[in-house]
Amino acid sequence: MIRLAIGAGLLAFAAVPAQAETTVDWLHIEAVEGTAAIMEAAAKEYEAAHPDVKINVQFLENEAYKAKLTTLLQSDAAPDIFYSWGGGVMSEQVEAGVLRPIGDVLSAEARAAIGEAGISAFTRDNSLYGLAQNVSQVVFWGNKDLLDQAGVGADDMKTWDGFLASVKKIKDAGITPITVGAQDKWPAHFYWSYLVVRQAGQAAFDAARAGEGDGFAGAPFVKAGQMFLDLVAMEPFQDGFLAANFSSASGSFGDGKAALHLMGNWDYTVQRDNSASGNGLSDDQLAIFPFPTVEGGAGDPADTLGGINGWIFHRDAPDEAVKFMEWYTSNEVQSRFAAASVYIPIVAGSADSLANPYFKEISDNINKAKWHAIFFDQELGKDVGGVVNDISAELSDNAISAEEAAELVKEAVDDSL
Amino acid sequence: MLKRRLLTRRWVALMLFLPLTLGLFTLLVVMPMFEAANFSFYKWNGFGPPTDFVGLRNYDDVLTHRHFFTAVKNSFFVIAVSLLVQLPLALWAALALVANNWGISMIRTLFFLPYMLAEIAAGLMWRFVYDGDYGLVPAVGETLGIDTPFVLGDKFWVMPAIMLVIVWKYFGFHMMIYIAALQSIPREVIEAARLDGVSRWKITRHIRIPMIRSAILISVFFAIIGALQLFDLIIPLSGGGPSNSSNTIVSFLYQFGITRTKFGFGGAVSMILFAVCVIITLAYRHFLLARKWD
Amino acid sequence: MAAIGKRRFYRPSGLSIGQCVGLCIIALFVIIPLYATALGGFKTLGELRSSPFDLPQSWNPQNFIGIITESTFFRSLWNSLYVSVATVALTVVLSSMTAFALAHIRFFGQRMLTSFLMVGLLFPAATAVLPLFITLRDLGLLDSHLGIILAQTAFSLSFSILLFHNFFKDLPKELIDAARMDNCGYIQIYWHITLPLSLPIIATVSVFAFVTSWNNFLLPLVMLNTPEKYTWPLGIMQYRGEYGTDWTKILAYLTLTIIPAVAFFLAAQKYIISGLTGGAVKG
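Chains as they are written, first to last, in the numbering used here: chain X, 1224 to 1640; chain V, 289 to 582; chain Y, 3 to 285.
Check the hints yourself; a few may be wrong.
[Said to hold, decoys possible] Among chain V residues calculated to face chain Y with C-beta under 10 angstroms, some are:
id : residue
1  : 344
2  : 413
3  : 519
Hints were generated in silico from the structure; no laboratory data involved. Virtual Cβ for every residue (Gly too), placed ideally from N, Cα, C.
So that you can see chain X by itself, here it is in the shape it has in the complex (with noise of 0.2 angstroms):
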């Protein structure tokens, strides 16, 4: 009888520090420090209201990130939150059975808050592994200054032959028309695919992913390279585009040294934080234009690019693990990102906080959209997808035609299925 009291203290004794230890590995890759500031505080709040978790904060640079998940996952030291871009690289660690299911912690009300695409993107198989944090679209963005000074319009702009004749005016202004970070290569694939999403559709995509008739080497993907090289051979690009990355293109656009910029919403603050004076372009500066329609296209013309963000969980991450984030993608949180036009939340009602009008246009066009595609260097697998951002940068240095670009994806998806 002693001896079970004992024991029975001993236990609570050791249950009390054992859960009072529970720490949550949170890595992240944002490297805007006013927004990580939000998300570190946003861990501190969720501490000090549950003294028995602590949110380990870690943050690792975009490239880096990338380059060592697949060895990070599979060691003890993987962090149980990680940030994902779901589609097809999600797919591959859920069949290498990486991942945590989280259906039978979260509660129905998240779900219901986080909606059906939110929810749908991050599930496989029927089990949900993530929970959505924001929508992204593609967008041109404009230096309205450097238009006007061209003499070109949002209406000019509608279409694909509209574009092509505005770049035209630009340059022949004196104005480089368009920055992009090619060597990179992902900021050169969002030519690519929004021509294919415009030209090509959803259901060609989606045949051609599985590898159906003439998968990507059909007709409308090799016409969709062909018009990316109608817009190269007018030499759009800034000065050593193929040796910029993604942050110095778009500093240059901050540093209004282009007309446009084809970037996702996340570019608003991005160009500011890599300008050279640190301002950017104003909001009275700034101005987002929609891809441009193709005319004769199957795709719908509002059907968007862009991406749904969440985060995941590594299949050892405890249950606080999920909890957090359910917290952490409530309404509560999130209005702050939202108002602080960092990205546009997904999760419902966050929209009334969004404050800004570009975030605002953005969400609707997304709504909209019957078909809202996935940045497809992500959707496709990190194979293909790689694939797709080599041709797409070679498209862009005119060192490649269409009908080869069309095919090495074709050979990527043959290889992979």
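Starting from the known structure of chain X, fit chains V and Y onto it as the hints suggest.
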């Protein structure tokens, strides 16, 4: 009796001196090599053990990859420039800097300094030099009134630009090897020749250089192997671009094997590179180093 | 200089005019990137562009102070120092013992073993990263400095053994024979005779092992996960991610990380030459 004791001692010494090294070397160098050889026959994304056996397909994929040939060509370009520009430059500098006085050893120190810097630091530094907006190259061009290209974004200029960095970074290393060897030539030999009225150039050509033959052979070997394994400098400088035109074999491996998690493909590249290194070494040893390495 | 030129036949150390000019050109080529980097950290972006070779208009130390006061900077230098020193110690001990055995003890398979150990020269560490990662993971050495130390040592063994081996072979044979006559064991010979004579080559091996370890990027990148354990090349990568285009900050960071390497080199430089003389190149 004495002999037996010596034998025992020999074994004790061997057991003390060798196993740790052999264990560590086998575990962390040789085994990984065998493992790379093994998974080069699998299609494998790095998760879990490899199971999808594909035979020689990875090798076929590597050899027919449209950028592999460029990478091989670049690696051999690096070897050629190393041997034809870097080593002669190093030898020339060594011949000038062989003396041991204060001023000369300062210069020597300066020339060796780049070798001490990390590849990533040197790469970033030169990326700045070449940067088309803020770098030195456009600034110089502006002063001279020339329109300079963005060298790292230009398919023609990118490899020469990288070669310049390689020469900058590594010529001091080879120079030091030569200086060390030149200093070990007995003074009397050169004094004697000089007293016979042999010209300076002839002394260099017929006495000093032949006498450091083995140092030159070693440095050529390091230059070749180092060129084939060049990687760290490429990533911060050009990232292999533009349009994958400046990859070396190892940066090709990194870009297309490791970062895309096609580890079987990467394993095949390692094995091909290893085979090339072994063949070159064996040939080199056979023809030139035969007497030295035994 | 002209005077030296005229006397060149009598002064082997004298430089001809051609040599002087050539050396000056090379010196400029070596210095300019370093010079521009060191000054760049003090400049503004505008100055970088307009006057890259001039001294900065004002010596603004803000970039440097910002870096130094970040807790991660000194911690990453300390980590690098710790890892490098341990790698050097382990490398010197293991490779000198092995080279001694290979050079002075006759045993079956000696030549084969030498060739086997030289294989390490031919296998680029970059290609071994993944299997190495798996091995270290299975040993439970991921995300630890010990794992990096062991891996770096393993990969520096081949070159170090080569240097030691060539040096040991050239030690006067009489010394070792005499010791053997005096009934000394191999271990005593190694400890009391060979090692004390080998200080220059030990210094050389140390320098090369130290430089390689100090500058290593890929291995720590893949093996280390906790930012507190990062070595400085990883720190610079993170820093570059944060300030991708602000060259003045990057140049300041580069300058600060170059200083320890330069200091170390100045301290050790005389050993590099003497060690190379006795080691790599004679034989």
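To see whether the hints hold, each was checked on the structure:
1. 344: Interface hint status for residue 344 (chain V): violated (18 angstroms vs cutoff 10 angstroms).
2. 413: With a minimum Cβ separation of about 5 angstroms from chain Y (threshold 10 angstroms), the hint on residue 413 (chain V) holds.
3. 519: Holds. Min distance 5 angstroms.
In terms of the numbered hints stated before, the structure departs from hint 1 and from no other.
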